[in-house]
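Visitor: As a plain string of letters, each chain reads:
2 protein chains.
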Amino acid sequence: MQRLALAALCCAVVAPAQNLMPLPAKMAPGSGRLVIDGGFRVAISGDAHALVRATAARTIARLARQTGMQVGGEIGRDWKAATLVLDCKGPATENTADESYILEVTPKQAVLAASNFVGLARGVETFLQLIEPYGEAYAAPAIRIEDQPRFPWRGLLIDSARHFLPVENVKRTLDGMAAVKLNVLHWHLTDDQGFRVESHVFPKLHQLGSDGLYYTQAEIRDIIRYAWERGIRVMPEFEMPGHITSWFVGYPELASGPGPYQLMRGWGIFDPALDPTRDENYDFLQKLIFEMASLFTDPYFHIGGDEVNGKQWDQNEKIQEYKRQNGLKDNQDLQAAFNKRVQQILAQNRKKMVGWDEILHPDLPKDIVVQSWRGQKSLGAAARQGFQGLLSAGWYLDHMLPASVHYEVDPLSKEAGEMDAQAAAKVLGGEACMWAEFISPEMLDSRVWPRTAAIAERLWSPREVRDVASMYRRLEAVSRWLEFLGLTHRSSLCSMLERLAGTHEIGPLMTLAEVVEPVRFYQRGQSRQYTQQTPLNRLIDAARPESDTAREFGELVGAFLRDRQAHAAEIRARLVRWQDNDAALAPLIASAAALKEVAPVSRDLTTLAAAGLEAMDFLSGKRAPQGWIEKQKAQVEAARKPKAEVLVQVAPAVEKLVEAVGRIR
Amino acid sequence: MQRLALAALCCAVVAPAQNLMPLPAKMAPGSGRLVIDGGFRVAISGDAHALVRATAARTIARLARQTGMQVGGEIGRDWKAATLVLDCKGPATENTADESYILEVTPKQAVLAASNFVGLARGVETFLQLIEPYGEAYAAPAIRIEDQPRFPWRGLLIDSARHFLPVENVKRTLDGMAAVKLNVLHWHLTDDQGFRVESHVFPKLHQLGSDGLYYTQAEIRDIIRYAWERGIRVMPEFEMPGHITSWFVGYPELASGPGPYQLMRGWGIFDPALDPTRDENYDFLQKLIFEMASLFTDPYFHIGGDEVNGKQWDQNEKIQEYKRQNGLKDNQDLQAAFNKRVQQILAQNRKKMVGWDEILHPDLPKDIVVQSWRGQKSLGAAARQGFQGLLSAGWYLDHMLPASVHYEVDPLSKEAGEMDAQAAAKVLGGEACMWAEFISPEMLDSRVWPRTAAIAERLWSPREVRDVASMYRRLEAVSRWLEFLGLTHRSSLCSMLERLAGTHEIGPLMTLAEVVEPVRFYQRGQSRQYTQQTPLNRLIDAARPESDTAREFGELVGAFLRDRQAHAAEIRARLVRWQDNDAALAPLIASAAALKEVAPVSRDLTTLAAAGLEAMDFLSGKRAPQGWIEKQKAQVEAARKPKAEVLVQVAPAVEKLVEAVGRIR
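Heads up: the protein sequence lines correspond to chains V and G, in order.
-14 is the number of the first residue of the first sequence in my numbering; add one for each residue after it.
-14 is the number of the first residue of the second sequence in my numbering; add one for each residue after it.
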């Protein structure tokens, strides 16, 4: 694979099989191609269970959508006449943990074989990714692929608590997940800001804890079915004992401090925590978990468990007394005792407990799963103690990092790197996390995609698949392909800029938006006050987490600095456009209050472009005047500071040009 | 209204209420504005029927989507605390024919009152159209609107027979229809190329007549419910006795000629026709209509009836004999006799018959509806004879005409213009028709929207609302707004061009795509062979029916020619970009087989731009050389000829520039 990927970088014509993401475990190219036209037909061989038929129907609909051809919806049993044969070796519901498949494409037919419908669901995505235009129709190259995942748990967390995500967004997310072979939707459903599940047992949870924005149980069942048709498990997270204020609005008696409580509207770590010493609270949890355990059919149940600051516990004399009586030396011990009782309730409901880092404690049984958000250290520690683990540190999508950073993260690296096979096997995989403090439904796709595809490859493909240039090339292809699922990660930029621009043309605003990125990590909100009700409709919300334009510009500049002949004209053309952009954008900025904050960002781009153009002159022979370098460096430095909470990401490349001038003199 | 619209054109700041489309019957601006932020709440006053509650919930979701704000989903009964009050005066299901509403927005509150949920559904669209950015939040201007439609029947035909449209597309179309206050979905479900409805009574209709691409009865019920929640009726069309080959694949005995039959794959008028002399055929229709009449709950039932060429009848000796025995002088008489028996079956099922022009016959009862596709003449004739009528001539969206052409069409004009009030009242309204020979699901939106909004205004707004410039200005706003419904009429261009461009940047291809339009009327397919299975993924499919860029360029050139000072720089800038575009596009064209046909189109654009730039030089003082005009005229003439089935629509404006040079000399 690596050999093939590297080969592709060296030649102009990219072989179609090179658009696959995640890259399969084994591929062997054949000769010729299978033509795919309006006569495309699917047949099912082996077990034609409803889930296999649903996979076939989805494949047909997807093919029609990605090619623009009307494709017959019939699914036959006639092997011979079919373009694609789905061969389900075993009963569709048996051994779904086996996600392997074999796909053999010849000029006559494609045959996809798997032991169950999940393997087929994985394989059809590979098949669809193979298809490329061929004359007036389409074709898949002849190839043999044997594939299976490196890790069995490849998840994405979505957070419906901080901002509610309508059902259609959840389904679209599941479409995208299936396309890149992720298999666990981790659904963060409750937090200080909202309780998003209808409860028949304790109806004040959703009635008073959600502003009316919650999922009915029917909607949840529909989503679970939708996910399972795509071979995706849905694991719910009910945060406890912290991140729980929304529960207390309807049931203040659960809390460790006096009520009444209101929904939290801001972001951060709050004091309210469940009282772990009150027996009635365990009765409450018993009943609630019983209800939710039958609604959510997955064997795993996430209890959160992170970021309990202990303040309410410390201020509650009864709880302090309880700690003393039970020999619990600190709040960590108190939380561990709580977790143990919750784990017992879960076990009665045949659920395995999952929780964040903080739940790791030797008293808990070994079948729990620890999800590491603070680094590989706790993951390694958990695995060595015999606990199962998941990595999420390094995969927080809300940190607004480029795909390359996420791509380099590996569950079995750093402190989890040096382990024997038995311990390593305890690392089940990992999850990308899309925390939603700054996510509205229209932005969800552009925050999740395409970056999550790079993480999906890390979790699916062999460890040795690490070439970043190959990843970016394939990510571009997969990103375009994902839009045919109805995802809006590319198109939402347009409609969000149009909202900002009112009746003006968005051209110059697009030029700016394409080179900025939101500030990273937890920088957002440092300079402004945000609540759940703050509109998310500014440039930072429209901007993509990773600017392809800026990254490509950086690559051009890098190549130019290695070899002064390369790309000079292309670099200049871009810089000229950016230099002129502020003048083009100014009338638009003047017309809309929401764009006022963008003015200094736009000026920064023009300043950077001017500096870059001067640097290009000096690098091609003109002599830079005295003090030019120092002045430009100071300007670049100033332009690197975030404004309107966005970064102009062409700054690093311009800085390199300026520094290169310095090296000449 | 007209006065307001014209006033808006004269001043730079456009008042927000000017984005309304269709324009309401009466508006009176107030002073101040109602601020809309995250605290937005809806209350229902009067009858809080489920359909009223659904209207409220939809309004909340739409507001969240169009503003990017999280808005609480609770719907209260507390008038005082609400931002928007929905006041349903009567029981929600009573008198739904009354679509009128009164919307009063003050700085304190918006109150929308109607006699039933349909009026509310119309009014909330007006309310949502009023909302515009205001500082960091949003606001609606204070205003009082009293509104009701000019015509009671405002429809859109979609054709699922020629190309199947998945359920999600139908629902999206209904969203768009509701947004511009259309109230009838005319669903063309059967034709020579497909029978798209599941039939339990005659299952071979969908099993053998649809390639597996049909709607289940559950899906149809779901769509009807979805439509009715939006105050939209769904009228099915089952074409008979012609356009019916798909029925004969499973039931060849229905036909007038010997079988067996296959689904038609091409387009046009075909010979197969139902045998109107065979008694068993009426038994068949009796049973089928009984089944479909209970599935489709609308009181109207469309039987098609157009384009029967009579060849099978003429070749069938038994049918000829029948005509002689029954004194039927020609095939028109035979079809009229057939229609009469079908009408009786429909009447037994409490359905009123609707059919195309050709069904008009004095023997039929007066409660039938004649849909005129050939012009106002038959509409006028029908109305004068006391039949009800609908206009569709002039509103065929597949003819690829600009919105202005559709906008000028009026049901009560031409031969239907001079009628007394009683006859005029027989004209119920009209329908835009989206025939789907060249429609795939991904293109549907861009073929229907935004042009259909202009037709919707013609059918809703007072007759005097006719200003084309105002229409285009508002159409632009409504087009952007419609994308927040999930419609893809703007974004699909991007993804379709990306498919054509493979891994290349689409910039130059977009520049070309933005100035071309598909060929008009029935010109498509004259130079190529099309079938149902031909991929619809070429430039013509991606191109929008009306090029805004070309239209705006034409307006700039018009203004320039009236006053040589105006817009010269802007015109030149555009021409320069187009002149350079062929060089930029060439590598892309060379790389993809599907783009080969685009090469001459691209060259035409460059040629036209060069001619335009030279003309600008000569118009500003330089002297044109001998023979220049003749040569340019010939070039423009050549460039006006369609290539790759598209038209470069900047040609007319360039021609005007060239001709203006001629007038100088």
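Among the hints, erroneous ones may be present.
Identical copies carry no separate label here, and so any pair may be met within one copy or between two of them.
As the list claims (entries may be wrong) - Lysine to aspartate or glutamate pairs mimicking EDC-like chemistry, simulated, CA-CA at most 16 Å apart:
| no. | residue 1 | residue 2 |
| --- | --- | --- |
| 1 | Lys272 | Glu183 |
| 2 | Lys296 | Asp196 |
| 3 | Lys65 | Glu89 |
| 4 | Lys296 | Glu117 |
| 5 | Lys581 | Glu121 |
| 6 | Lys189 | Glu59 |
| 7 | Lys362 | Glu121 |
| 8 | Lys351 | Glu292 |
| 9 | Lys626 | Glu582 |
| 10 | Lys74 | Glu121 |
| 11 | Lys641 | Asp207 |
| 12 | Lys65 | Glu292 |
| 13 | Lys641 | Glu615 |
| 14 | Lys607 | Glu214 |
| 15 | Lys618 | Glu582 |
| 16 | Lys93 | Glu153 |
| 17 | Lys618 | Asp268 |
The set of hints was computed from the structure by calculation and includes no laboratory data.
Visitor: Would you mind marking each hint as holding or not holding in the structure?
Guide: Okay, the hints, checked on the actual structure:
1. Lys272 x Glu183: Within one copy, since 14 Å is at most 16 Å while 44 Å is not.
2. Lys296 x Asp196: neither (27 Å within a copy, 66 Å between copies)
3. Lys65 x Glu89: within (15 Å within a copy, 67 Å between copies)
4. Lys296 x Glu117: neither (59 Å within a copy, 44 Å between copies)
5. Lys581 x Glu121: Between copies only: 11 Å across chains, 48 Å inside a chain, cut-off 16 Å.
6. Lys189 x Glu59: between (47 Å within a copy, 14 Å between copies)
7. Lys362 x Glu121: Classified as neither: same-chain Cα gap 54 Å, cross-chain 43 Å, threshold 16 Å.
8. Lys351 x Glu292: neither (23 Å within a copy, 75 Å between copies)
9. Lys626 x Glu582: Answer is within; shortest intra-copy Cα gap is 14 Å, inter-copy 49 Å.
10. Lys74 x Glu121: neither (35 Å within a copy, 58 Å between copies)
11. Lys641 x Asp207: For lysine 641 and aspartate 207, the Cα distance exceeds 16 Å both inside one copy (53 Å) and across copies (59 Å).
12. Lys65 x Glu292: neither (59 Å within a copy, 40 Å between copies)
13. Lys641 x Glu615: within (13 Å within a copy, 55 Å between copies)
14. Lys607 x Glu214: Result: close neither inside a copy nor across copies, 64 Å intra and 70 Å inter.
15. Lys618 x Glu582: neither (24 Å within a copy, 50 Å between copies)
16. Lys93 x Glu153: Neither: 38 Å inside a copy, 33 Å across copies.
17. Lys618 x Asp268: neither (64 Å within a copy, 88 Å between copies)
Hints 2, 4, 7, 8, 10, 11, 12, 14, 15, 16 and 17 from the earlier list are contradicted by this structure; the remaining hints agree with it.
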